[in-house]
Amino acid sequence: MSSSSNTSTTPLASLTLPNDIKAHENIWHQRILGEDKQRRNDHRSPFQRDRARILHSAAFRRLQAKTQVLGIGMNDFYRTRLTHSLEVSQIGTGIAAQLRRKYPNLKYLLNSMSLIESLCLAHDIGHPPFGHGGEVALHYMMRDHGGFEGNGQTFRILTRLEPYTPDTGMNLTRRTLLGVLKYPAPYSQLRINTHQDPVKHHRQLKPSQWPPVKGVFDDDKPILDWVLSSLTDHDQQLFLSSEQSLIHPDYPHLKTKFKSLDCSIMELADDIAYAIHDLEDAIVMGIVSLSQWQQDVMSQLQDIEDNWLKNEFNTIGDKLFSHQHHLRKDAIGTLVNAFVTAINIQIKPEFDEHLLKYNAELENDFALTLNVLKQFVFKFVIRKPEIQMLEYKGQQIVMELFEAFASDPERLLPLNTGERWTKAALEDNNPMRVMADYISGMTDGFAARLHQQLFGGQASGILDLSREL
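To convert, count from 1 in the sequence shown and add 132; that's the numbering used here.
Everything labelled a hint here was simulated from the structure, so no lab data went into it. Do not take every clue at face value.
[Unchecked claim] Computed list of lysine-lysine pairs in DSS-like fashion (alpha-carbon distance at most 30 Å, straight line): (1) Lys234 to Lys332; (2) Lys169 to Lys338; (3) Lys511 to Lys442; (4) Lys169 to Lys332; (5) Lys353 to Lys389; (6) Lys480 to Lys506; (7) Lys511 to Lys489; (8) Lys234 to Lys442; (9) Lys480 to Lys338; (10) Lys461 to Lys489; (11) Lys389 to Lys461; (12) Lys154 to Lys169; (13) Lys387 to Lys511; (14) Lys389 to Lys506; (15) Lys461 to Lys451; (16) Lys387 to Lys461; (17) Lys338 to Lys511; (18) Lys525 to Lys389.
[Claimed, not checked] Across the chosen pairs, the derived CB separations fall in these ranges: (19) Leu165 to Val416: 28 to 38 Å; (20) Ser340 to Asp428: 40 to 50 Å; (21) Val331 to Lys353: 28 to 38 Å; (22) Glu167 to Gln427: 55 to 65 Å; (23) Asp382 to Gln426: 49 to 59 Å; (24) Glu518 to Lys169: 42 to 52 Å; (25) Leu187 to Val416: 25 to 35 Å.
Note that beta-carbon positions come from the ideal geometry of N, C-alpha and C, so glycine has one too.
Working from the sequences, and respecting the hints, build out all of it.
Pasting the structure below:
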């Protein structure tokens with residue numbers, strides 16, 4: 133077995149619980165805008181309310197028409213952001229259930245499946261149309277206005293944009309907002325100025341040269357400060373700390389070093405869903421072959437020590453690539469279960485707050501295996517030229533839409549968005565962020581139709597802009 137697979141509950145057996153668990157819970161149940169809703173026979177927990185707000189939001193519904201890997205309607209092989217988020221939610225609650233069994237002393241931290249569901253359902257709602265291509269395009273257009281990044285936009289939608297309240301978004305609990313913070317530091321703290329010259333034309337933009345800064349927008353720093361205000365000064369400073377990425381040395385910006393327990397569960401669920409379910413689609417569509425599997429996966433796993441992984445991967449390739457669908461589905465289920473049950477709690481002793489002190493982590497050999505699967509999907513699916521062409525096209529659509537609206541916002545933006553832009557401009561409050569909000573909220577299809585409306589060669593009917601508000 134791998135060394136980390138021997139992790140047991142022993143280090144946690146004598147943990148010191150918060151002096152007052154109820155008071156600890158109350159701090160994390162708080163909302164930035166106080167609520168006194170007296171609804172008939174409503175006995176839901178705070179996290180059940182959060183889950184309902186996310187599930188019924190317009191931003192969540194739009195995920196059904198946003199690219200996950202392939203474009204919507206390109207062919208039968210695609211998972212939308214919506215179906216992906218549902219799969220992440222199912223895996224995330226499975227991880228939480230396993231951890232509750234392994235670590236009964238931590239049940240007070242793992243006491244809500246609705247919380248984990250909320251994080252998993254919400255984790256992608258900030259991603260713009262056309263996947264990574266749209267994200268890089270918006271970041272480039274916002275390069276002098278605070279940048280753009282999907283996770284930062286998720287936080288912004290939850291806390292400002294979704295009209296559940298006038299100005300505080302869905303008004304979620306402090307703990308739910310802590311859980312969605314994959315990169316819990318402001319943009320200005322993480323950005324490294326590379327003094328790069330702008331491209332001469334949008335069509336020359338290379339995503340690898342303009343990677344988004346992974347963090348919270350400076351425009352939303354006051355809400356980030358509120359989320360972290362219940363932490364000690366020591367924990368705040370440590371949680372906000374960052375460093376140069378060791379995993380991606382070519383990434384020019386700094387990356388945050390820590391995340392909460394809830395976020396670590398959500399992120400593992402996201403990685404498992406991406407690696408395994410997108411692999412399943414690639415196999416079904418014939419995009420990857422058994423020989424590629426043998427060459428790019430099996431050859432990378434020769435040195436793993438875990439006996440179960442060794443034995444299972446000797447035969448699982450034949451099941452995955454079998455023409456008998458039930459064998460493939462069984463293999464996929466076996467893989468998901470393997471990763472879910474190979475997750476342990478690791479202690480970050482430098483933190484005082486228990487939600488930061490404990491993180492979910494994969495055992496070493498399983499972490500290595502999951503990374504190999506992710507790289508396999510990236511190489512043979514994400515980097516496939518046909519998919520990159522689609523991403524490139526989306527990239528152009530987003531940049532041209534942004535350029536058009538920026539040329540005359542008061543004339544071209546929908547009335548509601550135009551009012552937000554005018555107010556931000558009058559208050560000197562980064563009106564370009566309003567532009568990014570509008571375009572990032574579009575679905576793939578709406579963005580393409582709007583682009584056709586503005587730049588197409590033939591006259592067309594009036595497009596109902598209010599549908600995307």
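Violating hint indices (sorted, rising) = Structure breaks hints 1, 2, 4, 7, 9, 10, 11, 16, 18, 19, 20 and 23.
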